[in-house]
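Using the hints provided, position chain B relative to the given structure of chain A.
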Amino acid sequence: MFTYVLRRLIMIPVTLLGVTLLVFAMMQLLDPYQLLSAYVSSPAELKGQNIERLITKYGLDQPLPVKYTRWLGQVVKGDLGWSESASMPVGKAIRTKFPLTFELALYAFFPIILGGIWLGKLTAVRHNSAFDHSTRMVVIVGWSFPDFVFGLLVILIFYSWLGWFPPGVLSNWASRVVESADYVRYTGVLTIDALLNGRLDIFWDALRHLLGPVTTMTYLWSAFLIRITRSGMLDVLHKDYIRTARAKGLPEKMVIHKHASKNAMIAVLTVAGRLVIYLLTGTVIIETIFNRPGMGKFVAFAAQQLDYSGILGGTLFFSLVLVVGNLIVDVLYAVYDPRIQLG
Amino acid sequence: MQLFKNLDKDTRRKAKKLFTNPTAILGFTLLTVYILVAALAPVLAPPADPQNPYIIPRLGFLTEPQPPSAETIFGTTEGQYDIFYAVVWGTRTAFKIGFLVVFCTTLIGVAVGSVAGYYRGATDEILMRITDVFMSIPFLIAVIVLTTILGKGLDKVIIALIAFDWMDTARLLRGNVLQAREEEYVQAARSLGLNDLRIIIAHILPNTTFPVIIQATMRIGTLVVVASGLSFLGLGAPQDYADWGQIISYSRNWQGLEFWYTIFFPALGMVLFVLAWNLIGDALRDIFDPRLG
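Chain order of the listed sequences is A and B.
Oh and the first sequence: position 70 is 70 in this note's numbering, straight run, nothing missing.
Residues are numbered in this note's numbering as their position in the second sequence, beginning at 1, plus a constant of 1000.
Honestly, the hints are just simulated from the structure, not real lab data.
No experiment lies behind these values; they were computed from the predicted model shown.
From the three backbone atoms N, C-alpha and C, an ideal C-beta is built for every residue, glycine too.
Be aware that a few hints might be false.
[As the list claims (entries may be wrong)] Part of the chain B face toward chain A, derived, beta carbon under 7 angstroms:
#, residue
1, 1138
2, 1146
3, 1278
Extracted from the complex, chain A is given alone in its bound form (with noise of 0.2 angstroms):
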């Protein structure tokens, strides 16, 4: 276990390094004064100034092994140049638009896992009844959608038509207080700060914004979980220490929640762990069409305005994202599970 653990903090830098040079080898795609508008500070950089002077100072004509090692060092200082779009360098764009995204995932987590590990359970239980059945198609329709199209769909019906939640994150009154002196922003994720603030008015107002864009993803995301669930759930009931409870005569009840449902988690819980990568990493087209502006809409738009430190400083945060957080579910894994044997 121990050194299962060590094993893998190992692979973290080099995977992690394999990532800055899959990056830099993209980078190489572009034409030099375009790698030059990723490498510059700031925009006032690359006025009046001579084109050739900041080619030598960023050592572009330099050998690519020589350039390699010197944009990792800049990386590595958390300099990752100047983002046009967000009209900031993009390590400030991260920490800005990052809590945002976190808040969506936050928000989506709890009913996805509550209402997929429900409805996967009760699938299991029921299995081959028409519950069983049309919950499946729900799910295969569900997982059909693509987010946009769903979102949209969400927008039109319950903005456009019922008028219920608007989209942004918060309404204009709301956003010049938080904008204002007096408003502290402790963590920049909008419903800790108005709670923190004592802002309870501000609070609903941003969760109110949250609704639509947590709708989608809960309904998208649930067909994962329902069905991760679902396998589990049936993998084990059909084991024989589940015969076993039955035949002593405990009640079904006892058998499903007490029994059964143990083991069962254990595949969902790892789903879990994936569930959160999934939805940190996975905003790009949610977030742009709920307009809001957290790190996947920050990558959109950076891609759509041709930002290239921008979407580049984007991959980096976002791999760094998915690789420490494989790497924190794949040891939560195998403590829980003192079963997994890892050489």
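For chain B alone, coordinates are given in the frame of chain A:
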């Protein structure tokens, strides 16, 4: 069909099961409709310029979308692009992207996977670490960044999808090849002095690629969704190109209920297409290998 001759009795029995499974039948029926629409596109929606059939015709220059009428049965988007035409020809775009990407990624995945699994050792270690690195960038983000760097456009999207969607195939096949290389028939082929390439292509691959083909079927739906997602974001198909994501992006500025047709018809076309593949994939998963999921 050398491939299918080699299948054992069990697989053939399962294949039979597939064609009697109601989920699969529904999927195949839907798919047949789409194949017909794609094949008959020039009849259903005759292009104004047969040289450029993917350019959506415009029925005027009004900004506001127009509801379905006798002339345009699905209505028009902003700028008067004919939605019916876009949905019909978009079917061809979807098939083209899906098949092309799946074909290329399967080739790459099979090459990487079989070499890694057959030679094991350092070759395997290096190839698998490279695979890990490609998997360390979230798929959609990777496709977005490569498309942007290559300079946007549908062809760039296809290249980016190919570059970042071969890894699952490689890993799946590697596992199968690792097992197969220890089998007697491979030992026999080796003792006959056949070279490695011939052993891999003629002996190992016919016995290991079936799961890869199943997996490839299951990937097509997702690939089409991601490709149209990029067109939706304005990174893929150009403005007037018949692509579902592109035509749906026109509805973004018209979110009133009275403009329902700008989203409904393209969305329906797209969702049913993906659904067809997912239904087939679901049935395949059930019948062949529950672990594939």
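Okay, the hints, checked on the actual structure:
no.	hint	in the structure
1	1138	holds (4 angstroms)
2	1146	holds (6 angstroms)
3	1278	holds (5 angstroms)
Violation of the numbered hints given earlier is absent; every hint is satisfied by the structure.
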